[in-house]
Amino acid sequence: MGDFSQEGDRLSRVPGPPQTAPWNPEGDAERLWNSALQEPHLDALPRVTCPNHPDAILVEDYRAGDMICPECGLVVGDRVIDVGSEWRTFSNDKATKDPSRVGDSQNPLLSDGDLSTMIGKGTGAASFDEFGNSKYQNRRTMSSSDRAMMNAFKEITTMADRINLPRNIVDRTNNLFKQVYEQKSLKGRANDAIASACLYIACRQEGVPRTFKEICAVSRISKKEIGRCFKLILKALETSVDLITTGDFMSRFCSNLCLPKQVQMAATHIARKAVELDLVPGRSPISVAAAAIYMASQASAEKRTQKEIGDIAGVADVTIRQSYRLIYPRAPDLFPTDFKFDTPVDKLPQL
Amino acid sequence: MDADSDVALDILITNVVCVFRTRCHLNLRKIALEGANVIYKRDVGKVLMKLRKPRITATIWSSGKIICTGATSEEEAKFGARRLARSLQKLGFQVIFTDFKVVNVLAVCNMPFEIRLPEFTKNNRPHASYEPELHPAVCYRIKSLRATLQIFSTGSITVTGILLYRYQTCQLWIE
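Chains as they are written, first to last, in full-length UniProt numbering: chain A, 1 to 351; chain B, 1 to 175.
Hints may contain errors.
Stated by the list, open to error - With a Cα cut of at most 20 Å, we get these calculated EDC-like pairs of lysine to aspartate or glutamate:
| hint | chain 1 | residue 1 | chain 2 | residue 2 |
| --- | --- | --- | --- | --- |
| 1 | B | Lys122 | A | Glu238 |
| 2 | B | Lys122 | A | Glu206 |
| 3 | A | Lys224 | B | Glu131 |
| 4 | A | Lys187 | A | Glu155 |
| 5 | A | Lys273 | B | Glu114 |
| 6 | A | Lys231 | B | Glu133 |
| 7 | B | Lys122 | A | Glu276 |
| 8 | A | Lys235 | B | Glu131 |
| 9 | A | Lys235 | B | Glu133 |
Calculated from the structure, these hints are not laboratory results. Here the structure is a predicted model, which is why all the values come from computation and not from measurement.
Please take these sequences and the hints and turn them into a complete structure.
Here it is, written out as structure tokens:
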């Protein structure tokens, strides 16, 4: 390698360009210090420069902790704090313990500043006093400013878990909640209601809407309250959402009813045609979808009763009956052309 | 959607809500016992008095504020309110009829055609809001007139707002 001077042993690890000037730590330091003293008004931080090349931009070698002049290879600054990791993890090590991490992987995007420390519950015999109570009960009051928000995030994750929503929807919900919470225009409403409404909006925005009744099923809030919060949030955030269509729910409802793919495609076709021909004005798309599934399933080998479909979709079976009556007259037109009828069209049940 | 058929459509005012004040404290119990055609809602703290002649239901609070609903026009609302104040006067209260104000007017009108709600909402994005799961009508808010229209797919429209002339302008708004 280069021809290193041996005066400073720590710094002779530099594998960089050879040093042409003899390295004089004391002299250099003094010179730097003096130069810094002479020009205190230029900038707040003392800028280190190579004494031979004051215009050269120093290269930082973080592994050795040096700042090196690229022209002559002189090590100008030293004892720069190493920001590399303290431990090295190998792939065959257990993934659970990673000694490089010092904090939890919280997202500072959502809670402001996540540097709080919580003291966990004690393990072992010494942490309990004589009555069986744990000593040091106080593990609360750490991030008081966002306590409610973290609580809501936990609630959102629980709700989303119940209906198996993917992580991106949960993240979107968290973001919406944070926006609403910071705006404070809905401050009086129950946080759970706002969280449920955010979840509903997030599902809508991602293109996989869930019905209000489905959200209601995983939340303790009534449908009316969720609906109210939903409208308020849309107004507060000045956004709007797309209208729901019948096709959004087909795959979910049909899978829950264990219907084969042809029936699902037929039902989707029927519902879309029905809406295009405007056979069902003013009916909720969910009811139309349920009626279409009923018609498709009755025409195929896998028949489902109205009650079963109503159970899955969350519509009353009289509602299915009503919508079915509206689409029944045009039944032959609504089916796709390549559909295999198990029960022919004229034999479809008439309610 | 021509302007002629719009103007020819009749728009019916179905409900006028107004408030007024009697500048005195009212003893609800006395009204409940001695008044005619009253319902005393003790848990909420108000008395409902129904009049026959202009068909009006009034909610009377003990502070002297009265809300009057059910009238078919503004003049009728005023008649009814005055009649109510007179009946309270007969019961012995020193009633002064002040601060009469029409708060809300509800009107219905019918379009001769059906309306396709999803397309309508798409064309009128910021003003119209449609939530089929919650309510079968499109809610169209006109900020400048401070009116709200609820548009149903059958073609009937419910208009709520404050001033009377606004309905005619609302009419011409509809396409």
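Hint check results:
1. Proximity of B:Lys122 to A:Glu238 is assessed by CA-CA distance (about 16 Å); at most 20 Å being required, the pair is judged to hold.
2. As the CA atoms of B:Lys122 and A:Glu206 are separated by approximately 19 Å, the hinted pair is consistent with the 20 Å bound.
3. Restraint check: the Cα-Cα separation between A:Lys224 and B:Glu131 comes to about 12 Å, which is no more than 20 Å; the hinted pair holds.
4. Of the pairs offered as hints, the one joining A:Lys187 and A:Glu155 holds, with about 17 Å between alpha carbons and a cut-off of 20 Å not exceeded.
5. As the CA atoms of A:Lys273 and B:Glu114 are separated by approximately 19 Å, the hinted pair is consistent with the 20 Å bound.
6. A hinted pair counts as satisfied when its Cα atoms are at most 20 Å apart, and A:Lys231 with B:Glu133 qualifies at roughly 12 Å.
7. About 15 Å separates the Cα atoms of B:Lys122 and A:Glu276, which keeps this hinted pair within 20 Å; it holds.
8. For the hint pairing A:Lys235 with B:Glu131, the CA-to-CA distance comes to about 14 Å; that is within 20 Å, so the pair holds.
9. Straight-line distance between C-alpha atoms of A:Lys235 and B:Glu133 comes to about 18 Å, which keeps the hinted pair within the 20 Å bound.
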